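Starting from the given sequences, assemble the full structure and let the hints guide the process.
Take a look at the letters that make up each chain.
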Amino acid sequence: MQIFTCPFCGPRDESEFHFGGEAGNTRPDGADVPAERWARYLYMRANPKGATSEVWVHMTCGEFFIMERDSVGHKVAASHPLGGAEKSE
Amino acid sequence: MTRRYSAFSLFKEGLAGQTGWEPAWRSPSPRKSYDAIIIGGGGHGLATAYYLAKTHGVTNVAVLEKGWIGGGNTGRNTTVVRSNYYYPESVALYGLAHRLYEGLGQDLNYNVMLSQRGMISLCHSAIEMEIAARTVNAMQISGIDAELYSVDDVRRVAPIYNFSAQARYPVFGGVWQGRAGTARHDAVAWGYARAASGLGVDIIQNCEVTDFIIADGRCRGVVTTRGEMRAERIGMAVAGHSSVLAAKAGFHLPINSYALQACVSEPVKPILDTVVLSPGTGVYVSQSDKGEMVIGGALDRIPSYGQRGNLPTLEGVISGLLEMFPAFGQLKLMRQWAGIVDVVPDSSPIIGESPLPGLFLNCGWGTGGFKAIPAGGTLLAHLLATGKHNDISRPFDLDRFVTGRLIDEAAGSGIAH
Ligand SMILES: Cc1cc2nc3c(=O)[nH]c(=O)nc-3n(C[C@H](O)[C@H](O)[C@H](O)COP(=O)(O)OP(=O)(O)OC[C@H]3O[C@@H](n4cnc5c(N)ncnc54)[C@H](O)[C@@H]3O)c2cc1C
Ligand SMILES: [Zn+2]
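Chains as they are written, first to last, in the working numbering: chain A, 1 to 89; chain B, 1 to 417.
Because the hints were derived from the structure by calculation, they are not lab data. Treat the hints loosely; a few may be bogus.
Stated by the list, open to error - Within a straight-line C-alpha distance of at most 25 Å, the following computed DSS-like cross-link-like pairs (lysine-lysine) qualify:
| # | chain 1 | residue 1 | chain 2 | residue 2 |
| --- | --- | --- | --- | --- |
| 1 | B | K54 | B | K388 |
| 2 | B | K12 | B | K66 |
| 3 | A | K49 | B | K66 |
| 4 | B | K290 | B | K269 |
| 5 | B | K54 | B | K248 |
| 6 | A | K49 | B | K269 |
Stated by the list, open to error - A short, non-exhaustive set of chain A residues, derived as facing chain B with CB atoms under 10 Å:
| # | residue |
| --- | --- |
| 7 | T5 |
| 8 | F8 |
| 9 | C9 |
| 10 | E14 |
| 11 | F17 |
| 12 | D29 |
| 13 | D32 |
| 14 | W38 |
| 15 | N47 |
Claimed, not checked - Label-pair restraints from in silico Cβ distances:
| # | chain 1 | residue 1 | chain 2 | residue 2 | range |
| --- | --- | --- | --- | --- | --- |
| 16 | B | G404 | A | F19 | 51 to 59 Å |
| 17 | A | G21 | B | G200 | 41 to 49 Å |
| 18 | A | F8 | B | D211 | 25 to 33 Å |
| 19 | A | Q2 | B | G103 | 41 to 49 Å |
| 20 | A | G21 | B | E208 | 48 to 56 Å |
| 21 | B | V244 | A | C9 | 51 to 59 Å |
| 22 | B | E323 | A | F8 | 33 to 41 Å |
| 23 | A | D32 | B | R405 | 16 to 24 Å |
| 24 | B | L10 | A | A77 | 55 to 63 Å |
| 25 | A | K75 | B | N206 | 38 to 46 Å |
| 26 | B | P355 | A | D32 | 16 to 24 Å |
| 27 | A | A78 | B | K32 | 45 to 53 Å |
| 28 | B | K32 | A | P11 | 34 to 42 Å |
Just so we're clear, the structure is a prediction, and the values are computed from it rather than from any experiment. Heads up, the beta-carbon is just placed ideally off N, CA and C, and yes, glycines get one too.
Spelled out as structure tokens, the structure:
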């Protein structure tokens, strides 16, 4: 069992967490977004081998956050709140 | 030298002290240019080379494999072969593969040990039985030999299943495919390699593609750990590493890479002669010809390129197995491993030209592409030889993610493999 760190609850079992997608994938806005752009947002992924930055959810507390980790060795470099700046206001 | 495998050549070599056997495939040095290059020496890449040579007469072909052939998912899979899919597009694809598998041993002159022992996908509630009836109808209309089994039918084909009144996932019946079964994974890779090599294809191992040669907006060759090689048509069949090469070619794919684990028990005498899948536990199992229980389950929950697998998923698979077959609690686990699989949102493969002209894709098979190897090879060979889609590959083009015409088999027919 690997231990992940929720920025709100601290270290917890990996099975309490759920992968939520690559960080920085923002939803296109507006009425005339072309189909190619929707496809990029909905489906296309970098899926990097090595350093990754991802959105995760800690299912027990319901918070979404960013986890930086290595997709080969699974070592976690950091986890921090999503949009931390807004949150602290 | 003895080339053809037969009872007669076995007898002859027996008398000659086994001295006349040729290596199954040649190991030539790479050349500077080919008519076609295939990246990835798994089942799909090797089958592509074979059909390019056999069907299209294109023999100036190289298969480049970074490790050893069959060392990726092809040599790590649980070898279930079936074609009971829901959508007509999928039935055309997997049905072609299934028919080719049935003649493959003869075609390749290599025993791939296809064992059509049948497969039962269980239903655990009355509601699941209703959905199964609909699924079976759809499959029968598409010409697939699917049958709806009652609980008594299931008892007949899998008597050691847990039918007790306390079972967490009671059996109400299931979906049976009699032509489904297993094949020997290494034999499929080696058989295609041997047959392709015999037709003139260069199989080059320990040769990793690290970049593409791109000129005038077209893919013109590859940079490898064994030098540069040029070709006007390049196919890639690298499964879980598709995104890594796509990044070198300058595009993204709708793929996430995950570890998929499997494990085997110690070998025991014959006790289970079909493949059994329980959607309730997410576990499926068959008994290998050696006697081991070959056990598979769901994907790991963490995107990964670490070819090991994490413990929580393995624990879930083993507890599911013991719920299905309490008697297996006496077995020792012998080995556990994982492969990195290429998971696509609609659980269907991607076959077609990539956004970089001259580079063609065969990927996205995820947890279930072993059964598709003869078809994946046929279709990528057709693309490389003609530059155009075959009717069967057309619906699986990358463009479906823009048009929205997804072929959602996870929703249509449930779990993959
Ligand atoms: C545990 C497990 C169980 C499975 N069970 C089943 C099952 O029961 N039934 C079923 O139908 N399917 C199953 N599958 C899925 C099936 O194994 C795969 O879909 C199929 O083998 C894919 O074949 P492939 O040739 O595309 O990929 P692979 O066999 O993975 O071959 C790709 C090759 O490309 C090579 N490669 C990668 N990058 C490069 C590079 N840069 N340069 C050169 N070479 C490169 C790799 O080394 C590898 O050998 C299972 C998979 C796993 C992991
Ligand atoms: Zn938390």
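- [ ] Starting from the hint 33 to 41 Å, judge whether the C-beta atoms of E323 of chain B and F8 of chain A obey it.
- [x] holds, 35 Å
Task: 25 Å Cα cutoff - pair K54 of chain B, K388 of chain B - done: holds, 18 Å
- [ ] Indicate whether the distance between the beta carbons of P355 of chain B and D32 of chain A respects the range 16 to 24 Å.
- [x] Holds: the Cβ-Cβ distance is about 23 Å, inside 16 to 24 Å.
Open item on the list: Taking the Cβ atom of L10 of chain B and the Cβ atom of A77 of chain A, is their distance within the range 55 to 63 Å?
Closed with: holds, 57 Å
TODO: Confirm or reject the claim that A78 of chain A and K32 of chain B have a C-beta distance inside 45 to 53 Å.
DONE: 46 Å Cβ-Cβ, so the 45 to 53 Å window holds.
TODO: Identify whether the interface hint at D29 of chain A stands, where standing means a beta carbon of chain B within less than 10 Å of its own.
DONE: violated, 19 Å
Task: Pair hint K49 of chain A and K269 of chain B, alpha-carbon separation not exceeding 25 Å - done: Distance ~42 Å between K49 of chain A and K269 of chain B Cα, so the pair is violated.
Open item on the list: Checking one constraint from the list: CA of K290 of chain B to CA of K269 of chain B, max 25 Å. Satisfied?
Closed with: holds, 9 Å
Task: Status of the given 41 to 49 Å range, CB of G200 of chain B versus CB of G21 of chain A - done: About 46 Å separates the Cβ atoms of G21 of chain A and G200 of chain B, which means 41 to 49 Å holds.
Task: V244 of chain B versus C9 of chain A beta-carbon gap, inside 51 to 59 Å or not - done: Violated, since V244 of chain B and C9 of chain A (Cβ atoms, about 34 Å apart) do not stay within the stated range.
Task: Outcome of range test on Cβ distance (K32 of chain B, P11 of chain A; 34 to 42 Å) - done: violated, 55 Å
Open item on the list: Holds or violated: K12 of chain B and K66 of chain B, Cα atoms, limit 25 Å.
Closed with: Not satisfied, since the Cα-Cα distance of roughly 37 Å exceeds 25 Å.
When held up to the earlier numbered hints, the structure conflicts with 2, 5, 6, 7, 8, 9, 12, 13, 16, 18, 20, 21, 25, 28 and fits the remainder.
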